[in-house]
Amino acid sequence: KAGVTQTPRYLIKTRGQQVTLSCSPISGHRSVSWYQQTPGQGLQFLFEYFSETQRNKGNFPGRFSGRQFSNSRSEMNVSTLELGDSALYLCASSSGTPNTEAFFGQGTRLTVV
Amino acid sequence: KQEVTQIPAALSVPEGENLVLNCSFTDSAIYNLQWFRQDPGKGLTSLLLIQSSQREQTSGRLNASLDKSSGRSTLYIAASQPGDSATYLCAVYNQAGTALIFGKGTTLSVSS
Chain A
1 KAGVTQTPRY LIKTRGQQVT LSCSPISGHR SVSWYQQTPG QGLQFLFEYF SETQRNKGNF
61 PGRFSGRQFS NSRSEMNVST LELGDSALYL CASSSGTPNT EAFFGQGTRL TVV
Chain B
1 KQEVTQIPAA LSVPEGENLV LNCSFTDSAI YNLQWFRQDP GKGLTSLLLI QSSQREQTSG
61 RLNASLDKSS GRSTLYIAAS QPGDSATYLC AVYNQAGTAL IFGKGTTLSV SS
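So the protein lines, in turn, are chains A and B.
Under this note's numbering, the first residue of the first sequence is numbered 1, with each subsequent residue one higher.
Under this note's numbering, the first residue of the second sequence is numbered 1, with each subsequent residue one higher.
By construction, these hints were calculated from the structure, which means they are not laboratory data.
The reader is advised that the hints may include incorrect statements.
Computed list of lysine-lysine pairs in DSS-like fashion (alpha-carbon distance at most 27 angstroms, straight line) [as the list claims (entries may be wrong)]:
| hint | chain 1 | residue 1 | chain 2 | residue 2 |
| --- | --- | --- | --- | --- |
| 1 | A | Lys57 | B | Lys1 |
| 2 | B | Lys1 | B | Lys104 |
| 3 | B | Lys1 | B | Lys68 |
| 4 | A | Lys13 | B | Lys68 |
| 5 | B | Lys104 | B | Lys68 |
| 6 | A | Lys57 | B | Lys104 |
| 7 | B | Lys42 | A | Lys57 |
| 8 | A | Lys57 | A | Lys13 |
| 9 | B | Lys42 | B | Lys104 |
These figures come from a predicted structure and were not determined experimentally.
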């Protein structure tokens, strides 16, 4: 069965621009979560969507937003990019029942210059 | 607020050695704990999920234990191989069960 697919794998953007990342969960999974990974902060939770509704949100500024579509695919958007947004963005897929096993994609490496 | 700590941050061992990676958490009221592996620049691969009612879980050469009362989990790797070289992360869910809280990981290097 296909795993979690994230696109694109790599992105280079300029400060002030905006970016959209995409995540397709495992077939049948209804929950998608987003995480930011940086060398200094490690993995930090951004937000989680279940059945097109944001169910939980981490401590990130409003420039970070997301949405989920009826087919469970999710997008994450970052507006007004800053140098500090450079990171590996990871998406996780799960059934949607709380506390169940999460499966991660390969990530999108975002570099802001 | 739940915090997850992993010690040591880095570990180097010769091939064939058995080793233990440690994970501690501050709030013992957890449901599940999950161990992941991450290769450089890649995503996370789920290794083991231990449910709160379990004391341990095994998969091949990997064995993970959970002691909620002491706030600790250990990942035991038997007969280590160079292919085991990676960063190992443990994570617990928040109270709502919808967000994982990660430790900073242990970077393992196994030399042949």
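How the hints compare with the structure:
Between Lys57/A and Lys1/B the alpha-carbon distance is near 15 angstroms, which keeps this suggested pair within the 27 angstroms criterion. Among the hinted pairs, Lys1/B with Lys104/B is consistent with the structure: their alpha-carbon atoms are about 16 angstroms apart, no more than 27 angstroms. A threshold of 27 angstroms between alpha carbons decides the hint, and for Lys1/B with Lys68/B the separation of about 16 angstroms falls inside it, so the pair holds. Of the supplied pair hints, the one linking Lys13/A and Lys68/B is violated, its CA atoms being roughly 44 angstroms apart against a limit of 27 angstroms.
The suggested pairing of Lys104/B with Lys68/B holds, with an alpha-carbon distance near 20 angstroms, which does not exceed 27 angstroms. At roughly 20 angstroms between alpha-carbon atoms, Lys57/A and Lys104/B fall within 27 angstroms of each other, so this suggested pair holds. Between the alpha carbons of Lys42/B and Lys57/A the distance comes to roughly 24 angstroms, so the proposed pair stays at or under 27 angstroms and holds. Restraint check: the Cα-Cα separation between Lys57/A and Lys13/A comes to about 25 angstroms, which is no more than 27 angstroms; the hinted pair holds.
For a cut-off of 27 angstroms, the pair hint linking Lys42/B to Lys104/B stands: about 16 angstroms separates their Cα positions.
In summary, the one numbered hint that this structure violates is 4.
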